[in-house]
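Engineer: Going down the list, the sequences are from chains A and B.
With our numbering applied, the first sequence closes on residue 150, and no number is skipped along the way.
With our numbering applied, the second sequence closes on residue 1614, and no number is skipped along the way.
Read the hints as simulated data drawn from the structure, not as lab findings.
You may find that some hints are simply not true.
[Claimed, not checked] Here are the simulated DSBU-like cross-link-like pairs (lysine-lysine), alpha carbons at most 35 Å apart as the crow flies:
| # | chain 1 | residue 1 | chain 2 | residue 2 |
| --- | --- | --- | --- | --- |
| 1 | B | K1595 | A | K83 |
| 2 | B | K1498 | A | K46 |
| 3 | A | K46 | B | K1511 |
| 4 | B | K1037 | A | K83 |
| 5 | B | K1187 | A | K83 |
| 6 | A | K111 | A | K31 |
| 7 | A | K149 | B | K1595 |
| 8 | A | K46 | A | K144 |
| 9 | A | K46 | B | K1595 |
| 10 | B | K1498 | B | K1511 |
| 11 | A | K83 | A | K111 |
| 12 | A | K111 | B | K1037 |
| 13 | A | K40 | A | K104 |
| 14 | A | K46 | B | K1236 |
| 15 | B | K1187 | A | K90 |
| 16 | A | K149 | A | K40 |
| 17 | A | K103 | A | K147 |
| 18 | A | K83 | A | K31 |
| 19 | A | K149 | A | K83 |
| 20 | A | K100 | B | K1511 |
| 21 | A | K68 | A | K83 |
| 22 | B | K1498 | A | K31 |
| 23 | A | K40 | A | K147 |
| 24 | A | K31 | B | K1595 |
| 25 | B | K1037 | A | K90 |
| 26 | A | K90 | A | K40 |
| 27 | A | K91 | A | K68 |
| 28 | A | K91 | A | K144 |
| 29 | B | K1511 | A | K91 |
| 30 | A | K91 | B | K1037 |
| 31 | A | K147 | A | K68 |
Remember, it's a predicted structure, so these values are computed and weren't measured experimentally.
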Amino acid sequence: MLTRLIPKGILLEFQMSESLTFGGLTRIDCKELEELMDSKDLTFDKRAVRPGEFGELGTIVATVFATKLAIAALAAWASRRQKPIDVAGKKRYVFRQSVKMTKKDGTMVEKELYFEADSESSLKEGVATQLANAFDLDVAEVLKLAKGKE
Amino acid sequence: MSRIPASLRGPTPPQKERSWIDPLSNLMFLHQVDIAKSLPEIQQGGALPLDTLQSFLHEVTHQWWFDSPVGVCLALLALRARHRAFLKFGDGANAPHKSDRVDSSDPFIQATFEDVLRLRLATELLRPLAEGAALFSEFDAWPGDSQVIASPMAHMSRLFIPADLLLSTLQAPQTGPVDPLSLLQEKILRGVRLSPPVVERKANLLCSPLEVGEGGYLAGYLAVKKMVGLGRAHSKRAWHDTFFCLTFLRAFFYEDLGLVAAILSPGTPEQIAEGIVGYFDARCAQLGVLSQDENELDGVLARLEAEMVNLSRPPVNQPPTDGSDEVPISFAELDRFTPILTGPEIAQNGRRLLRELTRTVMQRPTHILGPYVQRTAHNLLARRLLISLGSQPVEYALVDGKERRLVAQHEGRQLWSVAFSREMALREPSGALELYYDPTCQALFVALTTESGTLAVEWLTEAPPDRQALMAEVDFSRSLIDAESQLLSVIVDDALEKASLDEVVNNYVAKVNRASNDQYSRWLSTHRPRHESCKLAMEGDGFWSLLGGRRDRIEALATMSLVASATVREVDVANALARRGIDWETTAATFDQIKERSGYRLLIRTQLGVTSNV
Chain A
1 MLTRLIPKGI
11 LLEFQMSESL
21 TFGGLTRIDC
31 KELEELMDSK
41 DLTFDKRAVR
51 PGEFGELGTI
61 VATVFATKLA
71 IAALAAWASR
81 RQKPIDVAGK
91 KRYVFRQSVK
101 MTKKDGTMVE
111 KELYFEADSE
121 SSLKEGVATQ
131 LANAFDLDVA
141 EVLKLAKGKE
Chain B
1001 MSRIPASLRG
1011 PTPPQKERSW
1021 IDPLSNLMFL
1031 HQVDIAKSLP
1041 EIQQGGALPL
1051 DTLQSFLHEV
1061 THQWWFDSPV
1071 GVCLALLALR
1081 ARHRAFLKFG
1091 DGANAPHKSD
1101 RVDSSDPFIQ
1111 ATFEDVLRLR
1121 LATELLRPLA
1131 EGAALFSEFD
1141 AWPGDSQVIA
1151 SPMAHMSRLF
1161 IPADLLLSTL
1171 QAPQTGPVDP
1181 LSLLQEKILR
1191 GVRLSPPVVE
1201 RKANLLCSPL
1211 EVGEGGYLAG
1221 YLAVKKMVGL
1231 GRAHSKRAWH
1241 DTFFCLTFLR
1251 AFFYEDLGLV
1261 AAILSPGTPE
1271 QIAEGIVGYF
1281 DARCAQLGVL
1291 SQDENELDGV
1301 LARLEAEMVN
1311 LSRPPVNQPP
1321 TDGSDEVPIS
1331 FAELDRFTPI
1341 LTGPEIAQNG
1351 RRLLRELTRT
1361 VMQRPTHILG
1371 PYVQRTAHNL
1381 LARRLLISLG
1391 SQPVEYALVD
1401 GKERRLVAQH
1411 EGRQLWSVAF
1421 SREMALREPS
1431 GALELYYDPT
1441 CQALFVALTT
1451 ESGTLAVEWL
1461 TEAPPDRQAL
1471 MAEVDFSRSL
1481 IDAESQLLSV
1491 IVDDALEKAS
1501 LDEVVNNYVA
1511 KVNRASNDQY
1521 SRWLSTHRPR
1531 HESCKLAMEG
1541 DGFWSLLGGR
1551 RDRIEALATM
1561 SLVASATVRE
1571 VDVANALARR
1581 GIDWETTAAT
1591 FDQIKERSGY
1601 RLLIRTQLGV
1611 TSNV
């Protein structure tokens, strides 16, 4: 918890919003995330082309605020996005994404999320469980919400 | 607060997520190329990794188009604006930040304003076309039987095909209408273009806004596809070599001395804006008529091909090597360009205005800052011809032995070493290793740089002595290039803002963007949906809403159009979709329904098979 003395002598308490930031998204990814999430839990940095500059179409960076609903939606999106790959004759669903996690105290952790499962639903459960744990959210509740995001 | 564009600011801080090019310096940034990994490969005669090919094709197409009379004209305008502002304010005493207001009637400020206005208007008007060409090069263009090898294909052969394979291919006998090198290029492109990352790139494009405000990628791409499609329908020469179609479009728009004349003609701001937009509209209309006249188009293409093969069109921005104040010698070569369907008087006017612009930029001003200004202009023009393949941060060490060597290391591993004079001191322990390709002699070189300059240039492959001598004199330090650009552009930026002229520029740009939307829309008129609601939806998110907001449909459309650029055989399209788990019959039925609903033909059935105009 951070405190700050602002002018006029008023003591204001506030805390950083916990969030998850990840890049490399296409416009389709953004559209799907928008469909699954409440708009207040999601922001995009589209890195629009600047006047005078030329180049390939940029990818987009998303920031998701770590509410239970948003994490559930993110897990649903992650599982839906992945196409199964064939590993030794078996279907595997793999999700790999580099993320920056911002915690309540303002610290930022960079890590690569990696999940592998044998079905879309178990991939969703895996992503939901790990992200809920990472942000100290109620895992059972997030899983329940994620199941509703079919 | 409005800001002056990046072309005046110089290379933007590297955006690691995307590749880009600065049209002023023509300096590219390829985000996927890992020099530390690729350099040892290249030294052994290997090639750049194929997963960087799409970005390379995109940026190198920009580089190719900007290396042209129109591209050089815009770069020189940017440079002149910077230099004018620098000579007025750069010595510090008159710096605009020292006062709140700059007199907008000052002749220096007025001249700077005009240069910026011309540059911004032409850049924004041509942007969708330039992006469309780069995207067409990425996704659709194929080499064929033309005698002219388009620059992106020539560079791809040199940089993405291992040296031994390239040599054996060049020595192989031709057994059909298409030469062995073109066949090999086609094979490489086919393999890369149907890979999942490329399908994803194309799908991303298809969901970008149709409105030109955000770069005009989709509008420009669909317009270029339409331009090429029309040409192919009316000319066998165009049908068989779509990279040659891009060569033609480059010549038609970017080598057009009439467009140069429109950009540089004197006039009030209103007249300048109307002149540029009016000329571009007329040129587009001319292309529309030409593309549907079989005899005329084939004749123009044949003349262009012959001229390019026999006269070998020169690059236009070769700087003088003797430090003279004369106009660069190769600008005299402008006389050798036979402009396509541009009247001789208009072309002559364009030549004259471009020479005059060049002279004002290249001549050393009688000012204490004159030598600096002249050096930056020479450096910039020398670098514009080069293709930058990447940059790697390095640490330097000096190793003494029989000779002293400068060693560039990355994470403790030696990347490069070069003989280093014992008299020279190493003042900065770190910097960057830059890898360049010089297309004029098809040779590669590395430049070892620091924040303040270039320590050494060494060629990986043989290069003519005059090129070696020229490059030894040029600064390759990105930090230095960026710092110089920032310094110069901040002065322009502040001066125009404090003269309240920045908003005037922005208002004209907004007008041109509206005209640009209309022009590019005309090219799309046969694709566009009938219903206003669909049209509006496409302006915001391309094909996303039109296809019901379904990823699988967008990916199907992307895959189908990638295949259809190479073949019209329905079975090939069906097989490519099947490999991605998509059923062809269902897809075709869906696209037919969408056509019924919106009027947009995503799929075109012909006697030969299927094709797409997306």
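Engineer: For each hint, tell me whether it holds in the structure or not.
Structural biologist: Comparing the hints with the structure gives:
1. In summary, the hint linking B:K1595 to A:K83 is supported, as the alpha carbons are separated by about 28 Å, within the 35 Å threshold.
2. A hinted pair counts as satisfied when its Cα atoms are at most 35 Å apart, and B:K1498 with A:K46 qualifies at roughly 30 Å.
3. Taken as a hint, the A:K46 and B:K1511 pair is honoured in the structure, with Cα atoms around 24 Å apart against an allowance of 35 Å.
4. Restraint check: the Cα-Cα separation between B:K1037 and A:K83 comes to about 30 Å, which is no more than 35 Å; the hinted pair holds.
5. The hinted pair formed by B:K1187 and A:K83 meets the criterion: a straight-line CA distance of about 27 Å does not exceed 35 Å.
6. Of the pairs offered as hints, the one joining A:K111 and A:K31 holds, with about 25 Å between alpha carbons and a cut-off of 35 Å not exceeded.
7. This hinted pair checks out: A:K149 and B:K1595 have alpha carbons roughly 32 Å apart, not beyond 35 Å.
8. For the proposed pair A:K46 and A:K144, the alpha carbon gap of about 32 Å is at most 35 Å, so the pair holds.
9. Straight-line distance between C-alpha atoms of A:K46 and B:K1595 comes to about 31 Å, which keeps the hinted pair within the 35 Å bound.
10. Our distance criterion of 35 Å between C-alpha atoms is met by B:K1498 and B:K1511, whose separation comes to about 23 Å.
11. For the hint pairing A:K83 with A:K111, the CA-to-CA distance comes to about 23 Å; that is within 35 Å, so the pair holds.
12. Taking the CA atoms of A:K111 and B:K1037, the gap is near 23 Å; set against the 35 Å cutoff, the hint holds.
13. At most 35 Å may separate the alpha-carbon atoms for a hinted pair to count; A:K40 and A:K104 meet this at roughly 18 Å.
14. At most 35 Å may separate the alpha-carbon atoms for a hinted pair to count; A:K46 and B:K1236 exceed this at roughly 42 Å.
15. For the proposed pair B:K1187 and A:K90, the alpha carbon gap of about 31 Å is at most 35 Å, so the pair holds.
16. A threshold of 35 Å between alpha carbons decides the hint, and for A:K149 with A:K40 the separation of about 18 Å falls inside it, so the pair holds.
17. Note on A:K103 and A:K147: the hinted pairing holds, with a Cα-Cα distance of about 26 Å set against a maximum of 35 Å.
18. For the given pair, A:K83 sits about 18 Å from A:K31 by alpha-carbon distance, which is consistent with the 35 Å threshold.
19. Taking the CA atoms of A:K149 and A:K83, the gap is about 18 Å. The hint holds against a cut of 35 Å.
20. With a C-alpha separation of about 41 Å, the suggested pair A:K100 and B:K1511 falls outside the 35 Å cut-off, and the hint is violated.
21. Distance check on the hinted pair: A:K68 and A:K83 sit about 25 Å apart at the alpha-carbon level, within 35 Å; holds.
22. For a cut-off of 35 Å, the pair hint linking B:K1498 to A:K31 is broken: about 41 Å separates their Cα positions.
23. Proposed proximity of A:K40 and A:K147 is supported: the alpha carbons are some 21 Å apart, at most 35 Å.
24. Straight-line distance between C-alpha atoms of A:K31 and B:K1595 comes to about 23 Å, which keeps the hinted pair within the 35 Å bound.
25. Under the criterion of a C-alpha separation no larger than 35 Å, the hint pairing B:K1037 with A:K90 is consistent with the structure, at around 33 Å.
26. With a C-alpha separation of about 39 Å, the suggested pair A:K90 and A:K40 falls outside the 35 Å cut-off, and the hint is violated.
27. Our distance criterion of 35 Å between C-alpha atoms is met by A:K91 and A:K68, whose separation comes to about 29 Å.
28. For the given pair, A:K91 sits about 25 Å from A:K144 by alpha-carbon distance, which is consistent with the 35 Å threshold.
29. With a CA separation close to 54 Å, the supplied pair B:K1511 and A:K91 exceeds the 35 Å bound.
30. With a CA separation close to 33 Å, the supplied pair A:K91 and B:K1037 stays within the 35 Å bound.
31. Under the criterion of a C-alpha separation no larger than 35 Å, the hint pairing A:K147 with A:K68 is consistent with the structure, at around 12 Å.
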